[in-house]
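J.: Each protein sequence line maps, in turn, to chains A, R and G.
Going by the numbering used here, the first residue of the first sequence is number 1, and it counts up by one from there.
Going by the numbering used here, the first residue of the second sequence is number 1, and it counts up by one from there.
Going by the numbering used here, the first residue of the third sequence is number 1, and it counts up by one from there.
None of these hints come from the bench; they were simulated from the model.
Everything numeric in this text was worked out from a predicted model, so none of it was measured.
Hints may contain errors.
Identical chains share a label here; the pair holds if one copy fits it or two copies do between them.
With a Cα cut of at most 27 Å, we get these calculated DSSO-like pairs of lysine-lysine [as the list claims (entries may be wrong)]:
#, residue 1, residue 2
1, Lys-276, Lys-56
2, Lys-264, Lys-56
3, Lys-54, Lys-264
4, Lys-54, Lys-32
5, Lys-109, Lys-178
6, Lys-65, Lys-192
7, Lys-203, Lys-178
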Amino acid sequence: MTPLHQRLFDELERFPLIDPHSHINPHAAASKTLADIMGYHYYTELAHSAGLPKSKIESPDIGPKEKVGRLVEKVADLENTAQLDWLMDLCRTFFGFEEERITSKNWEKLYDAASAKMAQKDWEEQVLKISRLDKVFLTNDYDDPLTGFDTRRYVPCLRTDDLVFHFTKPGTRERLAKATGIEVGDSVTLRKAIGALFTHFVKHNAKACAISLPPSFTPRPVDGLTVEGILRRVAAGGDLIPADAELLSQHVFWTLAEHCAEHKLPFDLMIGVNRKVYAAGVYQGQDLFDQRVSLIQYRELFNAFPQVTFPVSVLAQTSNQELVSYAWIFPNVVTNGHWWYSNIPSYIELDTRARIEAVPQNKQIGYYSDMYKLEFGLPKFRMYRRILSKVLADEYVTNRRWPEERAIALGQQILRGNVERIFGV
Amino acid sequence: MTPLHQRLFDELERFPLIDPHSHINPHAAASKTLADIMGYHYYTELAHSAGLPKSKIESPDIGPKEKVGRLVEKVADLENTAQLDWLMDLCRTFFGFEEERITSKNWEKLYDAASAKMAQKDWEEQVLKISRLDKVFLTNDYDDPLTGFDTRRYVPCLRTDDLVFHFTKPGTRERLAKATGIEVGDSVTLRKAIGALFTHFVKHNAKACAISLPPSFTPRPVDGLTVEGILRRVAAGGDLIPADAELLSQHVFWTLAEHCAEHKLPFDLMIGVNRKVYAAGVYQGQDLFDQRVSLIQYRELFNAFPQVTFPVSVLAQTSNQELVSYAWIFPNVVTNGHWWYSNIPSYIELDTRARIEAVPQNKQIGYYSDMYKLEFGLPKFRMYRRILSKVLADEYVTNRRWPEERAIALGQQILRGNVERIFGV
Amino acid sequence: MTPLHQRLFDELERFPLIDPHSHINPHAAASKTLADIMGYHYYTELAHSAGLPKSKIESPDIGPKEKVGRLVEKVADLENTAQLDWLMDLCRTFFGFEEERITSKNWEKLYDAASAKMAQKDWEEQVLKISRLDKVFLTNDYDDPLTGFDTRRYVPCLRTDDLVFHFTKPGTRERLAKATGIEVGDSVTLRKAIGALFTHFVKHNAKACAISLPPSFTPRPVDGLTVEGILRRVAAGGDLIPADAELLSQHVFWTLAEHCAEHKLPFDLMIGVNRKVYAAGVYQGQDLFDQRVSLIQYRELFNAFPQVTFPVSVLAQTSNQELVSYAWIFPNVVTNGHWWYSNIPSYIELDTRARIEAVPQNKQIGYYSDMYKLEFGLPKFRMYRRILSKVLADEYVTNRRWPEERAIALGQQILRGNVERIFGV
C-alpha cells in the first residue's frame, strides 16, 4: 500500500458498517469451534476440489476437531486463494494466531485458542465490536417465526427462492400453510398467503425481500387466471410440464414484486446461479453458472415496478457491465455487492472501478458479507475496503486531485450511507 | 501521472485531431448556453437515474437556465462519474471555472460566464482551436441536403438505421422519396433510391456510411427477388410478420454494403444496442443492450465484402476480445473507438491494452467523440489521450524499452494517422 | 520491472520447464531458416490482416528468403503487437540481433545470421538448453506411428478432432483402418479401433488425449445402439443430417472419455474455436470464435468422469471466470494455459490473477507454448513468466507479505510441478 492508500483504508476502517446480506443464524451468530469456520463451504469445496474426498469431511460421525484436522491436511493446496487469506486474517485478528501458515504442527494450538475465545460469554458482542458491524441482514425462510432475537441488530429479509422455484414440492406448500394458516388452492389464496408473509415480515422489521435466480429465468406478468389450472393441478399433487412450471414461477415472482411495491420493500435480485451442477460435491459446493445471461431478461420487470428498488447482484463477472449500464439508466436498479464467484479481489477491483465511474454514487451498495458465521465479516469487508480505498486513491485523489476527505466521504456513502437510505435502516 | 506518462500525454495533446464520429449539427455546432451542455443525455439520464423526475427536466416550458438549475440539484450524486469529470474539465478549460464542485451556490455564475463566452462571434472557432480539432465527422440523416456548411470541416456520414430497421414506417419512405425523387415500390426502385443517396452523399464529401445494430441482427445476402412481395406489401401500407421484417432489413443492409463497395466508402458498424429498453426514460436515455452477441453474426458480411473497410464499434465490453480477434484476422475489420457504455476509463484501458497488443497498428482507430456539441471533444479526447499515453508509457517505453518518440509515433497513428488513411480525408 | 518483480522473474527463469502442449514436429523440431519462424501463422495472418495479399506469401514457388523479405515489408505495421515482441526477443536471444527494428535494410543480415546458427549440428539441443525446456508435449495425429524420436523428450499426445468432427470423411476412416487394422462398420468396431489407438499411444509414452471443440458442442452420453444406423450409413458412404452428425460426434467423444478413464490419461479440452470463419485467410489464419459458450455444456461430462482429469483451455477471455469457478468446484477440472486469442499479455494477466486467487494451487497449469517450432518456447514462456512474477510480487510478497521464497515456490508449482504431477511425467 502507498501511504495515501493506507490513509484512506484506515479511514474506511474507522466507522461501523451495516451488512446488507448474510446467512447468519441469529440464534447462533458466532462460531463455537474452528470447525464452524473451516467448515464454511469455501474451505470444504476448495479442499474437495484439491483432492479431499467428500466422505472425509461429511460423515456425520466426524467431530469438529477431527474435521478441522482433516481440512488442515489440504490447506497447503489452498494457500494461494483469497478465501484462505480471509481465514488467516480472521485467525490473526480474533485468535492471536501469528504463524505464517496453518500446518499439521500448529493447528491444534490454534483450534484450542479459538475454542477458548469462542467460549467467552460475550464472544458474539466482541466479534461485532471488533468487526465494526452495527447491524447484519439475515436470509430468512418464509416460514421463520422471526422471534427470539433482536431484529434491530439482525435485520430480517424474506428469502423467496422456494416459493418461486419449488412451489410444486409438497414441503413448500405445507410450510406455507403452517406459517400463514392459508391452504393455497388457487391464485386468490396464493396471493393471500404471500400477503400474509409480507405482513409478518414487515411487522418484524424486515427490510428486504430477496431471491436468487437461474440464468434462464425471465420475469413476466403472468396473471392469476393464467395459472388457475396449474395451481389446481399442483394442489391435487399432479406434475407440471416445464412450460407450466415456468408460468407458475413467473406468476409467483411477479406477485412478490407487487407485494414489494405495496410494502415498500427493496427486492434483492441475485442473478445467475445454476443449482446442483456438481451434484456429488460437498454441501453448498455444488452450484455453478452459465455466463450467457442478460439483464435484458429483466426489462419488463424494471419497467413495471418503478416504485420498487432492485438491488441487483450478478454472479458472472461478465454481467457487471450490464449491471453498471442498467443502474446508470434505470432509477430503480442499484448495484449490490460482489457475489460468490465474483467475490475475489481481481474481479471486485474491475467491477468497483466500472461502477464508480458510471453509476450515480447514491445507487451503489458496496459490499455484503454473505457470511454464515459472524467472524467472516471482518476479513471480507476488509478485503473490500482495501480495494475500495485503492480505487478512491487512484481515481479521485491522484487522478482528479480531490481532497482526501472528499474521497473518504464517497467511500462512506458506498460502504454505509447507501445501505441506510436504500433499505431504510 | 508519472513524469514519463506526463511527457507522452503532453506530446499526444500537441497535434490536432480528426473526430471520426459525432452527432454535431454543423449549423449549430457549438453551445449557446450551459443547458446545451448539461442537457447532454449523459447528464439528464444520470440525474434521472439518481432520482430526478423526467418531468422536471423535459417539460417544453422549462427555460435553459431553469433546466440547468434543476440538474445542478442532482449533480452531487453524479460527481463520482467519468461523465461529470468531462463536465468539470470542460468548464475549467472553456469557462475558467475554478471551483472544486458545481453547487447551488456557484452554478449561476458559471452559467453566466459560459453564456458570455458562447455569445462571442467566433466561439465555434475558439472551441475547435482550443480542442485541437481539424475536422469532425457528422451523422447525417439520409435525407440531409448537406448544404450550408463546410463539408471539409464537418465531414458528412450517411446514417442508415432508419432505412434498415424502419423502412416499414411511412415517414421513412416518404423522406426517401422526397430526397431522391424515387418512389420505392419494389427492389429495383429501392436499389435506385439507395444509389441516389450514395451519389448525393459522396458528391458532398461523405467519407463513411454508418449504422447502429441490435444484438439480434445477422446480416445475410437476401436478394431482390426474395423481398419483392414484402416490398409490395410495405408499399401498399400492409404490416409485416417479424420474419419478413427481418428479411427486408437484411436486404436493405446488404444493398447498403454493396453501395459502400461501389462508392469505396467505409461502413461503420456500431454493434449491440437495444432501443427503448427503458421507454419512460429521458430523451436518448432509454437504450441498453444484451451482451449475448457475437461478431460471428457478421461472418458472411466480412467474407462477402473484402473490398469494404468495416470500422467496428461494440457496445458491450465483453465483445472487445472478439473485435480484437476479428480485426487481427480479417483485413477489412478495423477497431473503432470506445462506444457509449464502454466509453468509461476502466473499460477504455482494458480494451486499448488488448487492441494495441494484438491488432496491427494500421487498423486501430483510437477514439471518436460521439458528441452532440463541440465543447465535449476536448474532455472526451483528453480522457482517451490520458489512457493511451499511460498504455504507451507502460507497455512500450517501460516494458519494451522503446524510445519515447517511437511510442509517440504509435500514438499519433492511432489517434490521427489511421483516421486519415482509412476514411481518405 | 521493480527490483522485487525482477528478482522473482529471475528465479522463475532459473529452472527448466516441461511444455505441456505444442505442435512441434519431433522429426524437425527446430527451424532451418528464418522463414520457418516468420512463417508462423501469427506473422502471416497479421501481415495479411495489415494488407499483405495472401498470394504474396502462399504461392508454392516462393523461396524461404523471398518469403521473409515479403513479410518484412509489412513488419512495421505489426511492431506494436505482442507477437512481434516474441520475434524480437527470439532474434535477440538466438541470433544476436541488436537492432531496434527489423527493416528492409537489416533483415538479410538477420536472415543469414539465423541460417548460420540453424545450420549448426546441435541447433535443436542448443535451443532446448537456452530455452530451459526439458520436455515438450506434441500434438499427434491418431495415425502417427510415434517412432523415430525420443518420446521421453517429445511426449506424444493423442489429438482427436478428426475422429470426433470429421468421422464422416472417408480419409478419416481410411487412416483409422490403416493405423489399427480395423474397418469401422458399427459401434463395436469403432470402440475397438479407438481402443487400439489408445493402446498404441500409451505404449509410446503418450501422456494426454486432446481435442479442440467448437462453441456449439455439448458432450452427451450417446451409446452405441443410438449410432448403429448412423455408423452404417457412414460406412456405406451416405450423408448425415446435422442432428445425426451431432449424435455421432457425441458418441465418439464420449467413447474417447471412457478410454481416457481406462488408460488413466488426462483429456485436454480446448474449448471454443470456430473453424474457417475467414475461409480466404492465410494457412492457419482462418479460425475465430463465438464468445457465447459456457462450461455448463460440459456439466454431464465432468460429472460422469470423476476419475479423468480435464485440463481445460478456453479461447474466449470471457470464459475465464467460468473456468476458474468450475476448477474451484470440480476436482477433475484443471486450468490449462492461455490459448491463442487469449494468449496476449493483458488477458494473461487478468486470467492469471483470477485463477491464482480462487483455484487451488495444485490445479493450475500455468502455460504451454502451442508452438510449431522450438524457437518460440523461449519468448512465449518468458512473456508468461514476466506476468506470473508480477502477479506473485504484487499479490503475495507485497499484499500478503509472504517471504519471496514462498512466492517463488508457488510459481514453480504452477510453471512446472503441476505439469509433472497432472500428466505423470
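J.: Each of the hints needs a verdict: does it hold here or not?
T.: Here is how each hint holds up against the structure:
1. Proximity of Lys-276 to Lys-56 under the C-alpha cut-off of 27 Å is restricted to the intra-copy arrangement: shortest distance 20 Å within a copy versus 49 Å between copies.
2. Proximity of Lys-264 to Lys-56 under the C-alpha cut-off of 27 Å is restricted to the inter-copy arrangement: shortest distance 24 Å between copies versus 47 Å within a copy.
3. Taking the closest pair of Cα atoms, Lys-54 and Lys-264 come within 27 Å of each other only across two copies (22 Å); inside a single copy the shortest separation is 44 Å, beyond that limit.
4. Taking identical chains as interchangeable, the C-alpha atoms of Lys-54 and Lys-32 lie at most 27 Å apart only when both belong to the same chain, with a minimum of 23 Å there against 53 Å between chains.
5. Taking identical chains as interchangeable, the C-alpha atoms of Lys-109 and Lys-178 are never at most 27 Å apart, the minima being 47 Å within one chain and 65 Å between chains.
6. When the C-alpha separation of Lys-65 and Lys-192 is checked against a cutoff of 27 Å, the pair qualifies neither within a copy, at 48 Å, nor between copies, at 51 Å.
7. Proximity of Lys-203 to Lys-178 under the C-alpha cut-off of 27 Å is restricted to the intra-copy arrangement: shortest distance 18 Å within a copy versus 66 Å between copies.
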